[in-house]
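Chain A is fixed; fit chains B, C and D onto it per the hints.
As a plain string of letters, each chain reads:
Protein chains: 4
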Amino acid sequence: MNSENVSICEKIVSSSYIRQGSQARRSHEQLIRMLLEQGKCPEEGWSESTIELFLNELAVMDSNNFLGNCGVGEREGRVASSLVARRHYRLIHGIGRSGDIAAVQPKAAGSSLLNKLTNSVVLDVLKVAGVRSVSSCFVVPMATGMSLTLCFLTLRHRRPGARYILWPRIDQKSCFKAMVTAGFEPVVVENRLEGDELRTDLEMVKRKIEELGAENILCVHSTTSCFAPRVPDRLEELAEICAKHDIPHIVNNAYGVQSSKCMHLIQQGARVGRIDAFVQSLDKNFMVPVGGAIIAGFNEPFIQEISRMYPGRASASPSLDVLITLLTLGASGYKKLLRERKEMYGHLVQELQRLAEAHGERLLHTPHNPISLGIYCRL
Amino acid sequence: MNSENVSICEKIVSSSYIRQGSQARRSHEQLIRMLLEQGKCPEEGWSESTIELFLNELAVMDSNNFLGNCGVGEREGRVASSLVARRHYRLIHGIGRSGDIAAVQPKAAGSSLLNKLTNSVVLDVLKVAGVRSVSSCFVVPMATGMSLTLCFLTLRHRRPGARYILWPRIDQKSCFKAMVTAGFEPVVVENRLEGDELRTDLEMVKRKIEELGAENILCVHSTTSCFAPRVPDRLEELAEICAKHDIPHIVNNAYGVQSSKCMHLIQQGARVGRIDAFVQSLDKNFMVPVGGAIIAGFNEPFIQEISRMYPGRASASPSLDVLITLLTLGASGYKKLLRERKEMYGHLVQELQRLAEAHGERLLHTPHNPISLGIYCRL
Amino acid sequence: MNSENVSICEKIVSSSYIRQGSQARRSHEQLIRMLLEQGKCPEEGWSESTIELFLNELAVMDSNNFLGNCGVGEREGRVASSLVARRHYRLIHGIGRSGDIAAVQPKAAGSSLLNKLTNSVVLDVLKVAGVRSVSSCFVVPMATGMSLTLCFLTLRHRRPGARYILWPRIDQKSCFKAMVTAGFEPVVVENRLEGDELRTDLEMVKRKIEELGAENILCVHSTTSCFAPRVPDRLEELAEICAKHDIPHIVNNAYGVQSSKCMHLIQQGARVGRIDAFVQSLDKNFMVPVGGAIIAGFNEPFIQEISRMYPGRASASPSLDVLITLLTLGASGYKKLLRERKEMYGHLVQELQRLAEAHGERLLHTPHNPISLGIYCRL
Amino acid sequence: MNSENVSICEKIVSSSYIRQGSQARRSHEQLIRMLLEQGKCPEEGWSESTIELFLNELAVMDSNNFLGNCGVGEREGRVASSLVARRHYRLIHGIGRSGDIAAVQPKAAGSSLLNKLTNSVVLDVLKVAGVRSVSSCFVVPMATGMSLTLCFLTLRHRRPGARYILWPRIDQKSCFKAMVTAGFEPVVVENRLEGDELRTDLEMVKRKIEELGAENILCVHSTTSCFAPRVPDRLEELAEICAKHDIPHIVNNAYGVQSSKCMHLIQQGARVGRIDAFVQSLDKNFMVPVGGAIIAGFNEPFIQEISRMYPGRASASPSLDVLITLLTLGASGYKKLLRERKEMYGHLVQELQRLAEAHGERLLHTPHNPISLGIYCRL
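Residue numbers (this note's numbering), protein chains in the order written: chain A, -5 to 373; chain B, -5 to 373; chain C, -5 to 373; chain D, -5 to 373.
Bound conformation, chain A alone (with noise of 0.2 Å):
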């Protein structure tokens, strides 16, 4: 309520208690002010209260909420059914423009604050989890292959004359679609087995290099989070061979914003050497619905090529979820939740070995995969 109406009300119930009333708003404006300054996950979490005061407010400044408007558009944010509404809390314009999935909106100035925030929040937390030097991110309301296609998509226009993914194999269908439909064509580069690990095989990288031409390669396209008994890839050192041959270099970093090593095998490879945007899925690190993925960088004029790709204006559900959840959570919250999953997968290790041995099989040893585990079944 603005001071004239609170003044107003002074006269209705006993000024004394009204003015307590509004220095308790003022408590939530401050965690809104504080959001709105530094663009950073708050420490701690909100309060289902303070969330959705800020949504509320968020959505009165789009245009299909302003009371008395009568668009006559063909996009004017008008909704038939009020479930519909409600549960978008009456943000219905999306994200972006026909020119760029981060530009602001004209006819949506609180859903154009809602994607700006959420990319700056969750720029924070990859901060936070571990690549310090990430500059730039955007949520895109894609899943995490049809991100990579984009990030692919958009390296073409780099690369016109690149045909070919060098690609260290991982075995999961939307990777390998994902180079696919961008209409490139995936060299497997087969990892080696190293004690019980599978690895990526370096040398191999630098001869397909060397075989195929550095010019025609439009990147080398590199995963972290896997399944055991494969791991991470080398990170640093692929990133040092692209920087070497001038040659771009995405990374798969699906769930891996929740394992402190696959974060910290990014920020040393963007160090070391070349890594030109890593993707990230939203469902799988965040615990909000699937569908949405975060598109990050270490240069920014690059991360903005690739927002400025996509064709239209999206959908906010994403970005709106992944808000919520790290307004609630808080940056300690979230914390915490990586805490305790590198503690029971410590656990897990201990329970799965002994579990295995009960059985006669083996635990495979792969200290390097932080986050999946294997056993070898004789048959």
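Hints may contain errors.
Because identical chains cannot be distinguished in the list, a pair is counted as satisfied if it fits within a single copy or across any two copies.
Said to hold, decoys possible - Listed below are the simulated BS3-like cross-link pairs for lysine-lysine, each with C-alpha atoms no more than 27 Å apart in a straight line:
1. Lys34 / Lys336
2. Lys5 / Lys121
3. Lys5 / Lys34
4. Lys121 / Lys255
5. Lys238 / Lys167
6. Lys336 / Lys5
7. Lys329 / Lys238
8. Lys5 / Lys200
9. Lys167 / Lys329
10. Lys121 / Lys336
11. Lys238 / Lys202
12. Lys200 / Lys330
13. Lys167 / Lys200
14. Lys34 / Lys255
15. Lys5 / Lys329
16. Lys200 / Lys336
Don't read these hints as lab results, they were simulated from the structure.
Quantities reported herein were computed from a predicted structural model and do not represent experimental measurements.
Then chains B, C and D, alone, in the frame of chain A:
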């Protein structure tokens, strides 16, 4: 959002869009200001977004929603279930204080505003519906019957020696029980058959007063809305008799707000004679869930006396429902519903007549009953 | 979904997945079955999804939600605002009938189930909390004070000549008003100072009974939960006195359910003597919004007599809140809260003692009061 | 409630009321059955209570809502925020699998049903709106532009050598970007001015095909809905040309579903010639939030090919929105909106003509554009 936060927003998103958005916010604030200033039902209904914005504003003023607050008393508005909190818009403190159901609560400025505004808006609607000179009313989270009981209990303190309630017969159980529960002896005055209609027998009322002695009569308990062939009581004449003998007069107007005739009877009764209070159901007149009533009258101190009889705080749920409903409909929406009801009643008369004739039966001629109809069936 | 629809689903989506899904549905149904069969608070709390599924099932059974239904009466559960409908889960008909607040409504099988189950679950929780031999109770949508009033009004019919209520003094306005509103004369029995504690003066109670004559006394109105230095009344002795003189005994147990001591007193009182009813607040004991109470006792016919005194249907809102809350917490969750409160009370004693000493003051020694503490401040 | 639970209910509440209530439940089930069996938009819209009942039924079939389930994988539909869970009706798993956005998910029978039914209902509505012979479609959680990109990327695999897209000029950024992002070179075909209208220059299209060689052209990319003075492309003739030269034909029907003329053009084009896919926006045609599109066509294998190009699962949010909306409106409600739009367009023509004349300007005569109007302004 306060102006400080709006300024920060202007740094994130183009300031012209933000300014437009915050002007839009002002138009919601403007509606709220008019409500606060005038305490009347707005002519045009509000959008759901204005209503929810307003309720959220009220809620943040209640101490259970103060951030960082930690109450240790027995009644701090703590809520265990978030489903419950949400469905009450986090307004948990109820209405009133132990001293008075209409009083302001120090811990709950927002709930107190809700209570005051609801009573004020409802008063306005009673005027709109035809009782122009009503001067005071309050919503009570009890059924019509129990609310009548409260009126009778209040009168007891004014007339400690009185034992009887004069009651023109009406065949509804809760009306009868309202008197018995209050500890009084109902003196049933049978109605007279005039044509097809059962109407108040005024002579019998006068005779009973003489018989019992006015000082032994707590009040006359009359009825407006009723089922045919009974018709509304002769309120004017009853009010005159009450005035003459200095006997209080309580009117059961259960589902009479929707009928201009019933409301007119009350208005006239109060003008020419004596009506101490009239009681109406919330659900039967305002399309809200069962469980609330309005106690209204023409003498503010007496209505306050009743509100001070309710021992303890009370549920805000019926007040919240009727406020949301009236803000949604607006005065114009409510009047439209009244008009439609009248038109449909006319249609019902016509069709029932046709139906009755088709079966060789007769629709009773009960022109004084504006709500209900009866068919005479030969056995 | 019924089995017919499940079969159709199997043609759309792989039948093995659908079968798994419909088995999952059965596990929700199983929880509901246990609730329906046993009428007890489930040991483990339910998930929000089970609760909402259950409430939706109840709602579709109420006639206002019958598809194609068109009610023309004055009370059909029509709702004007969808905000209001939603917040009540479309359960609009309230509870009870004009004859009895605990009765079944023909138009509302779902609301009737809600009412019956709530009363049954609450009864179970009163037993769990210590009053093992309680035999009957019902939730009433009125504050504790007004509920006590209803008890007194019921007793009037059993003791038409009685004018007085014997009341060991307790300085809470609504307790006093509960008696005055019911039309009785409170006879205040001052407490005795024993050490730091203010305790029931049993001699004075006996003397007053002799003075006034047992037949002129409506009841003894005692209190458990109270503020130090007053301590809970000597319920056992009062119950024995009441039994001996054949005087009804109503206990104000406002915020006593949370205290095993208060509940034990009631259990003991009923065992050795006479307690006709004990009344407790919903919000103070079950973390729900203000506005409901439980009237409970050991003699089912008397409790039914009270429930039959409430004239008219009543709001289902407090019943809905307490049912949702108890299903959410489960018996184990509720017991956990009771344990925590007890532990925190111990902590509070310790810290207040330290604080008092630090300021040269003294924490009053009131071991019979399990809820509240006082500090003696010299002026 | 299953029949077992209904039986238990009959012991708690009068069995005749329960039976009535459970028959009422059957009427909801009946609506759901028809939807499942026919996969069509119901003629009459559903009530919110049927819709929510249905969505809850779907949700309990998803493994994240299995009681007692404990998933340890990377994608188990865990949700951190209850605000987020609620707004998605606890349908968390998204739609599709890594292999195919239209595929069934083993972990989510409910979400899979949602996906299948939405696509089926949307297909029905496209027929209702005029493209009677459409045979397959799917909802994709991407904007129209990005969906067109996906179509182009799919065609690349069929025509690996093709570099050009023939594109009758339309001044909308995202249409142009859709081609560029996919990595193709748009060949702009300027429109011809015929009267006031800008219409497809068929001769120029033919000439370009000859110039570039049919085999080098990925497809013709035509447009229906557009701003005056441009009018919808000559789809029939373009479709004939495409058929003759064996060139694929993709139609941008962004906001054309609402116009019977645009839909008729597509229907005719497919009848006489070749249309491979037509793409429409969800928000522009169905009053839902921004962010989804429908990709539809006449050849099921090709549409499936496109759906298999999307790498990874996708957000269910746009599907959920459009399903809720169409179930709310019903086919009759949707057709009513279409009629109203047409009538309002007629009104707009009239009034704009009057306005233009009043200012000495001229409303352009663009009878082939059923959606948009232009005024000629002299400078």
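The hints, checked one at a time:
| no. | hint | verdict |
| --- | --- | --- |
| 1 | Lys34 / Lys336 | within (24 Å within a copy, 40 Å between copies) |
| 2 | Lys5 / Lys121 | between (49 Å within a copy, 23 Å between copies) |
| 3 | Lys5 / Lys34 | between (39 Å within a copy, 15 Å between copies) |
| 4 | Lys121 / Lys255 | within (13 Å within a copy, 53 Å between copies) |
| 5 | Lys238 / Lys167 | neither (30 Å within a copy, 37 Å between copies) |
| 6 | Lys336 / Lys5 | neither (56 Å within a copy, 39 Å between copies) |
| 7 | Lys329 / Lys238 | neither (36 Å within a copy, 62 Å between copies) |
| 8 | Lys5 / Lys200 | neither (79 Å within a copy, 47 Å between copies) |
| 9 | Lys167 / Lys329 | neither (31 Å within a copy, 42 Å between copies) |
| 10 | Lys121 / Lys336 | within (18 Å within a copy, 43 Å between copies) |
| 11 | Lys238 / Lys202 | within (14 Å within a copy, 44 Å between copies) |
| 12 | Lys200 / Lys330 | neither (40 Å within a copy, 62 Å between copies) |
| 13 | Lys167 / Lys200 | within (25 Å within a copy, 41 Å between copies) |
| 14 | Lys34 / Lys255 | within (23 Å within a copy, 49 Å between copies) |
| 15 | Lys5 / Lys329 | neither (47 Å within a copy, 30 Å between copies) |
| 16 | Lys200 / Lys336 | neither (34 Å within a copy, 64 Å between copies) |
Against the hints set out earlier in the document, violations occur for numbers 5, 6, 7, 8, 9, 12, 15 and 16.
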